[in-house]
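J.: Sequence:
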Amino acid sequence: MTIKKLTPNRLVKSIILMFFDVTIIYFSYWAAFWLRLDRETPITSYSHWLIITIIACISILFFIRIGFYRAVIRYINISILRWALIGAFASSFLLIILSWYHQAFLPRTVPILYFFLLAVFLAGSRIFYRNILHHFKNKGIPVIIYGAGETGRQLVPILKEHKELNPVCYIDDAPIKKNHIIQGIKVHSIEDIEKLISRYHVKKILLAMPRINPHRKKEILQRLEESNCEILSTPDFNDIVNGVAKLSSLKRVSITDLLGRKQVSPIPELLEKNILEKNILITGAGGSIGSELCRKIKSQSPNLMVLYEMSEFALYSIHKELSAIVNTNTIIIPILGDVKNKKKITQVISKYNINTIYHAAAYKHVPLVEYNIIEGIKNNIFGTLSVAEAANECNVGKFVLISTDKAVRPTNIMGATKRFAELILQALADRGSNTQYSMVRFGNVLGSSGSVVPLFEKQIANGGPITLTHKNITRYFMTIPEAASLVIQAGAMGKNGDVFVLDMGEPVKIFDLATKMVKLSGLTVKDELHQDGDIEIKVTGLRPGEKLYEELLITDNILKTTHPLIMSANEKYLVWEELEKIISKLQLNCQSNNLSALRDLLIASPLDFTPKDDICDFLK
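So the sequence shown is numbered by our numbering: it starts at 983 and just counts up by one.
For the record, the hints were derived by calculation from the structure and aren't laboratory data.
Everything numeric in this text was worked out from a predicted model, so none of it was measured.
Positions of the beta carbon are idealized from the N, C-alpha and C atoms, including for glycine.
Fair warning: there could be bad hints in the mix.
Said to hold, decoys possible - Between beta-carbon pairs, the in silico distance windows are: (1) LEU1601 to HIS1183: 37 to 47 Å; (2) GLN1329 to GLU1559: 23 to 33 Å; (3) GLU1173 to TYR1083: 36 to 46 Å; (4) SER1247 to PRO1588: 30 to 40 Å; (5) ARG1064 to ILE1036: 42 to 52 Å; (6) HIS1347 to GLU1143: 44 to 54 Å; (7) GLU1176 to GLU1303: 57 to 67 Å; (8) ARG1064 to ASN1161: 29 to 39 Å; (9) HIS1452 to HIS1183: 36 to 46 Å; (10) ILE1068 to ILE1036: 43 to 53 Å; (11) ARG1064 to ILE1313: 53 to 63 Å; (12) ILE1307 to ILE997: 52 to 62 Å; (13) SER1305 to GLU1259: 16 to 26 Å; (14) ILE1068 to SER1247: 45 to 55 Å.
Sequences are here, hints too, so could you generate the full structure?
T.: Structure (structure tokens):
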């Protein structure tokens, strides 16, 4: 790097620095003699002034050569000392050579003193100037960086450049790093967090540990809950290096971080067993689970994917997204259709020679199905029946039903219809079929349409209040990608008619979840004891058909599988002849809009259905 390569603004700044460095060289030379000769100053001769002038000129040229003026002052750190030492050493060596050549008076300790003085003043002047700039120019929001590793170190100069956030210190769990100075700011332990927040008036804490394990991250977040600071996370440093993410792309911690679910690597053989180089049909392909299934399935290189969806916009969105993925040769066929249309679904399966079906199409919102009972029964029961029978008639190899924990001892129509859909597959499997049927049951997925998490996030962003139906309500949670991956793996297991249950971990109290989300947003909960809080949590009462808690198993008769998060449940069912009679009665009463008879039929069926509310259909 040479001066010619600098921009005009940088050139002016570099010239100013050179002027100060020349002054520092003259002063260090004078101070070295002054200290050595007990405060006498013998550098009055012409030879001494000539020597120091030559040293100053050559030293500046050497500093330019080694890139000493390349560093931007506001970003320099303690590593500047290394360049100062190299420059001071070269300048001291030059002092010895020139003094010998001109036979000038030079006590032996003067070059040593000159070396140390010059190094200290060169480095110290820049660090001092950087701190002055930092004090007067960086008036951004004070933040604490949690994690003094590689990402944390790289984060500081980026934040200083953007000036919106002002990093005031590090927090790190490693005792060996405590009190170290990194990028000009000090490292503290977690025990100092309250004192630091108060001292610097911190409102945000940045988690600079993108690759930490979920359990440890959950522990850290629990410790930071009472800090009244907004908690933000940084991207993975490898993603930054590869250009996938920017270091400045900070985001709020996700609900996944709060849950701290253990991560289990998928079994590749199970993922590809029913997909690789095969023709796949996904019903409800545009929904929350259906669209994630599509993404996972395409990553396993199927030959063809048929996206079957009732919603035009949802189908357009997922088709556009999958078509943009160009790393596979998978053919994608988007088809608008209703799963209740058996003739059409049979035509689709036959035309595209489908090998595997993932049936995700369903009405899943509990209150809406309570208000629209007949449509819920038609879609969830008759829709499943038409696709399952079409699969058998067309000799499809595998059929996987996406079920729900609400099918276990249901208290609402939606749960009852999903349990009935399970019974249909069990009965078809028991009767004997060309298709191998299985169903996968799991709880709530984070971020799905209608999920409490995006609702809470929106309510917090709008200043509240957060609304939940009961203070003691609990739910199981899992991320959509994890659920989709486990569904695919479970569908590749077992025998005909198996019911698989996913390990959802521990149930989460929704009130506690809402409280955590408020606190980790840097806000406080407003209640009777804290009238000056930011966000109020209002309890609105249970909705029609809603349960306080959900279950995953009807009986305790479960078996382990080859995957630690997938279990197989052995549950009772009806033979096809008996179930077919109930289905016929359901169809007749749907045609006559007899809501009472429909509900009585569901209660009489082996679903363990015990409705908690009266019929609340809008058309009763």
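J.: Are the hints correct? Go through all of them and say.
T.: Now the hints, each set against the structure:
no.: 1; hint: LEU1601 to HIS1183: 37 to 47 Å; in the structure: 58 Å, violated
no.: 2; hint: GLN1329 to GLU1559: 23 to 33 Å; in the structure: 28 Å, holds
no.: 3; hint: GLU1173 to TYR1083: 36 to 46 Å; in the structure: 60 Å, violated
no.: 4; hint: SER1247 to PRO1588: 30 to 40 Å; in the structure: 38 Å, holds
no.: 5; hint: ARG1064 to ILE1036: 42 to 52 Å; in the structure: 25 Å, violated
no.: 6; hint: HIS1347 to GLU1143: 44 to 54 Å; in the structure: 46 Å, holds
no.: 7; hint: GLU1176 to GLU1303: 57 to 67 Å; in the structure: 45 Å, violated
no.: 8; hint: ARG1064 to ASN1161: 29 to 39 Å; in the structure: 21 Å, violated
no.: 9; hint: HIS1452 to HIS1183: 36 to 46 Å; in the structure: 38 Å, holds
no.: 10; hint: ILE1068 to ILE1036: 43 to 53 Å; in the structure: 19 Å, violated
no.: 11; hint: ARG1064 to ILE1313: 53 to 63 Å; in the structure: 59 Å, holds
no.: 12; hint: ILE1307 to ILE997: 52 to 62 Å; in the structure: 53 Å, holds
no.: 13; hint: SER1305 to GLU1259: 16 to 26 Å; in the structure: 20 Å, holds
no.: 14; hint: ILE1068 to SER1247: 45 to 55 Å; in the structure: 48 Å, holds
The structure fails hints 1, 3, 5, 7, 8 and 10 (numbered hints given earlier, in ascending order).
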